[in-house]
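**Student:** First to last, the sequence lines map onto chains A and B. Quick note on numbering: the first sequence equals residues 236 to 592 in this note's numbering. Quick note on numbering: the second sequence equals residues 97 to 416 in this note's numbering.
Bear in mind the hints are in silico, worked out from the structure with no lab data behind them. One or more of the hints may lead you astray.
[What the hints assert, rightly or not] Derived lysine to any residue pairs resembling SDA-like cross-links, with alpha carbons at most 25 angstroms apart:
#, chain 1, residue 1, chain 2, residue 2
1, A, Lys376, B, Ile313
2, B, Lys224, A, Glu261
3, A, Lys376, B, Met317
4, A, Lys347, B, Arg409
5, A, Lys347, B, Leu410
6, A, Lys423, A, Thr289
7, A, Lys349, B, Arg409
8, A, Lys376, B, Lys224
9, A, Lys376, B, Thr331
10, A, Lys573, A, Val528
11, B, Lys224, A, Asp299
12, B, Lys224, B, Trp142
13, A, Lys376, A, Gln359
14, A, Lys347, B, Pro315
15, A, Lys376, B, Leu318
This structure is a prediction, so every number in the text was calculated from the model and none was measured.
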Amino acid sequence: MRGRAQVTTASVPAVRLRSVSRYFGEVRALERVDLEIADGEFFSLLGPSGSGKTTCLRLIAGFDQPTSGSIQLHGVEAAGVPPYERDVNTVFQDYALFPHMTIGENIAYGLKIKGLPRTERERQVAEMLDLVRLPGVAARKPAQLSGGQRQRVALARALILHPRVLLLDEPLGALDLKLRQAMQIELKAIQQRVGITFIYVTHDQEEALTMSDRLAVFNEGRIEQIGTPADVYEHPDTPFVAAFVGTSNILRGSLAERLIGSPQPFAVRPEKIRLAACDEPVPPGTCSVTGVVHDVVYLGMHTRYLVTVADADETQEMQVVEQNLDASATDVMGARGKAVRLLWSTKYNRPLTRVNE
Amino acid sequence: MADTQTSKLTAPSTSPRQKLQRDLSNFFYRHPRLVLALLLAPPLLWLVVVYLGSLGTLLLQSFFRLDDFTGQVVREFTLRNYASLFERANLDIILRTAGMAAAVTLACVLLAFPLAYYMARYAPPRTKALLYLLVLLPLWSSYIVRVYSWKLILAKEGVVTWFFERLGLLWLLEALLALPGIGGPSLSVSTIGVFVAFVYVWLPYMILPIEAALERIPPSMLEASGDLGARPRQTFRGVVLPLALPGIVAGSIFTFSLTLGDFIIPGVLGNSSFYIGQAVLQHQGTAGNIPLAAAFTVVPIIIMAVYLLVARRLGAFDAL
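If we strip away everything but chain B, and leave its shape as in the complex, we get (with noise of 0.2 angstroms):
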């Protein structure tokens, strides 16, 4: 018996090649944590050295100031970059793009919700694939192509003009152009089409968690809810929105600080009004005041952070 079983685990040593990778792999298989090392060091590299460092880098430069008259970076501890993002104009773009931001989440968890409650509990599994791969489908495209494809779209001249003139709807279109605040001369030149832009580039990042979320949640869960006697808008509110509430956080920590750093979209599509994202770039490029605009950069990561501790607060993430 003992001399089958010796015989078994040296059996047949062939070639020194083969020895030495059955060594290797018993080495290992003794050191376990020596392969988790091995396997966390350069994601672990990435994330510390290169993504961290910049960040800190970046914290420090926004406690430098710049010096008025040589335009050089003082290297000297100060917080004059935070009190000038209190200032009236500094304020107003954090206040739109933070208030944008939020137009744009709620309208994603809105769009996002049903399609993915869909997909989640009724589609027979082909239709869920094509669904997925129809939600992914934009992303395929070159961002900037379809960003300008939005201001064709909403040009005066474009397709969204001409459907409200067939409808003969042109009257609401106008109307809408002319709110205070967020219209315009054309749906391309606006708040409005900043924000359908925006709706548009940042909804397969809310859908996809969300169905995510909706998909854990047991069929045998409604089931109970409803057998105790909940009607389903009551099961809907206790059990079904709780339940993919981590869901829409994770969707909505997508689409918030998407649309908190981009500067491209009302670039291209929106009136004079600067969005941080673009007060960045000013400043990091041509006013050369990088401590600003690392001042700048800060903010959205403040909003997210207190965004994330409300949401853990409300039990978002209760049910994780």
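Just chain A, with the same shape it has in the complex (with noise of 0.2 angstroms):
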């Protein structure tokens, strides 16, 4: 933005959004948003598709408007500023990379718009390409480049200009698994390199897990959880955020009436969970309920116990997985059917607050 000189106090935070409203017609998008994001934060907005936090980014981009509300960068009132005038650029979903366009051409397109010289353009190309590790690509096209490669020049393209805050659109959404992770790895060290303000948009919970400082969880057009990844994690607020980061069991009515004394829903993580024998000692400060196995997921690492539990007049679907330690896969399987104790300490109850249903 114009004018970034004066407003450099570590305190303004680079974007804060204050009660943001988008509506396309009847369709509510974006329902009263408020979110700061401090400047060097690497901040991923996580949600599943059609929770708002692509809307957000675009309007956080510029190439959209809210319909109310406001938003800062660098305290400094956004509306009405085209993505032009704006200090901070976009890796897009797709690449969006110019296919008339050579590589080098593609990284030195904003520093031509800027009016640099060629050789000057050349040269921060060049160190561009060094830092995405995509030497000597710079007279290609980007027909001739892999899917991981074009990301990275996206990446260069964007970066190129040191914008004060780059926003990612699901950056990884089409690269396989090995490359996925090696790339968040990768991301989060150019991040700490470069010291630039991310804004990551993401459907996949364990890569806002893995990269973030912070994240936003979206669930229709709201947000449901700001924190770090430790506290959405352990301690979700609501039944969304629960289910939707990392998986969880929820209990609720009579179940939970019996373990907590309140029919007011909690969660507790599969991982927190024991298997034991029927006849096994409860000791205090430990739930317990029994049920029958009725599936096994072996998953190599772990395994998944999928455990009916049935109290009074409810039966409940309750999820236990455990490492596999020295279990191998025919033992785990021979765990079907058979009815087991679930014991877990209490302190892993986390109560939900019901923001919606």
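Relying on the hints, combine the two individually framed chains into one complex.
**Tutor:** Here's what the structure looks like:
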């Protein structure tokens, strides 16, 4: 943005959304969202498709205008500021590389618009290609690169302008698992090296947990929870967050009443639960239910047990995940149909506030 | 397990007719190249024999000559016809036609682009369908009828003159018609009239390819350009135009070559100056000089070939 010099104090957030709504006709894409993202933060917008996270990103980039509310970039109101005057750059989901230009021309595009001389552009392009570990491809066309390489080029093209905020719209969505995991680590390393605020849109909760300093969980146009990955995972506020970020057993009704003395729903993570024999004594401070294993999913590193728990008039399915410390596939498969006792410490119970259901 | 599979494969073998059909399908399934050959044979026959064959004959004819006394075609190799293309009168015809084709193409691009851009980027689906219909609607009626309609529209007593008169701009029309070279006694007997009619009849052939090219540009491409600091004008020049260029070139191939070969519009609306199409018509018809007519028809082919080479050199097809 223009006039960035006077507002560089650390207390001014890089991006501030105040009560931002965006309606498309009758459809509420974003509903009164409040958000503050600090300078230099790796911040993820996490949510299923249609939850409003991409709309939020497009509002910050300036491709779209909010129906109501205010967006500030480094303390300056962004309303009416077109994308080409915002100190924000975007890595697009489809990379949006210009097919008629070489890789070098693509990366230098922003510098050329700024009017930098050719030699300077070429020097910076080479520098950027080194940063994204893709040297020597400047003369090629986008169509000659693989998906992962194009993704790096898109990143270099956005980073070369040294924006204060970089927006990434599911940039790893089109890559295969191994490459995605490698790129996650690399993106995080690049972010730490350049010190730029990254705002990262993803529907992949694992990706958001791996990379972010903080994240916001979106659902149906609203933010359900904002916090660090550990916060959001260990202390989910709402049933949606508990179910969307990782997996949770959400206990309610009479079962909840018997275990914690209140029918309010609460969550407990499958990996906090221990499978025990039915006759095993229950130590104090421990929740206990009994049930029958009706399915076993062997996942190599660990095993997921699906247990049908019947309590009074309610039947509920619960998941338990156990590390395969010394069990083999044939061992764990034998558990199907067995009656078991599920034990977990009461300190892992997470009461959920019912925001919406 | 194996039993059920075999019984499935050979299952309900009922009538011999069905068996024949199945055998035939299986035969074709196992010989995909044969299927390809059968599918391609008719269009290839048509293109190679009927189209390229006659084109080759035409080219051959252009190297024969007409005996001045007998009026018979003499089948001897000569470049005389091509030499005579460079005679003053013939060269005028070629340059006039090429100039008209270029002007018509340029006007078509300028008129077609905004409409195509609106159709590709902004029009809601129903409006777009309606616009498609409107663009194609003129092609439903006879070309000859439409050209003669323009004769009436552009006539001295026609609606265009009336319109200028009502606006008090008759002096402007008269000044236009007084221009040397392109003017004439009325719009319906002038080079301007020929130009207007050409632009009208070929415009749909320019709108559709440009629209198709613009539609293929992902919106994110334009957003990326703006995101990287380009103002709308810079985005247009740096991204939209280069990516639309294949469509513009495709459209201009239509407008250019169709104008080069047309003999009806200049005949109906023009003054007495000739265009290539008319020259061909006259030489092969009245004059019976088929070799010279053939040489004339080679001219548009050469012009188009040069045009495409230049377009390719300028990078018009890089985005394909």
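**Student:** Let me make sure I understand: some of the numbered hints might not hold for this structure. Which ones are they, in numerical order?
**Tutor:** Per hint list: 7, 8 and 12 violated.
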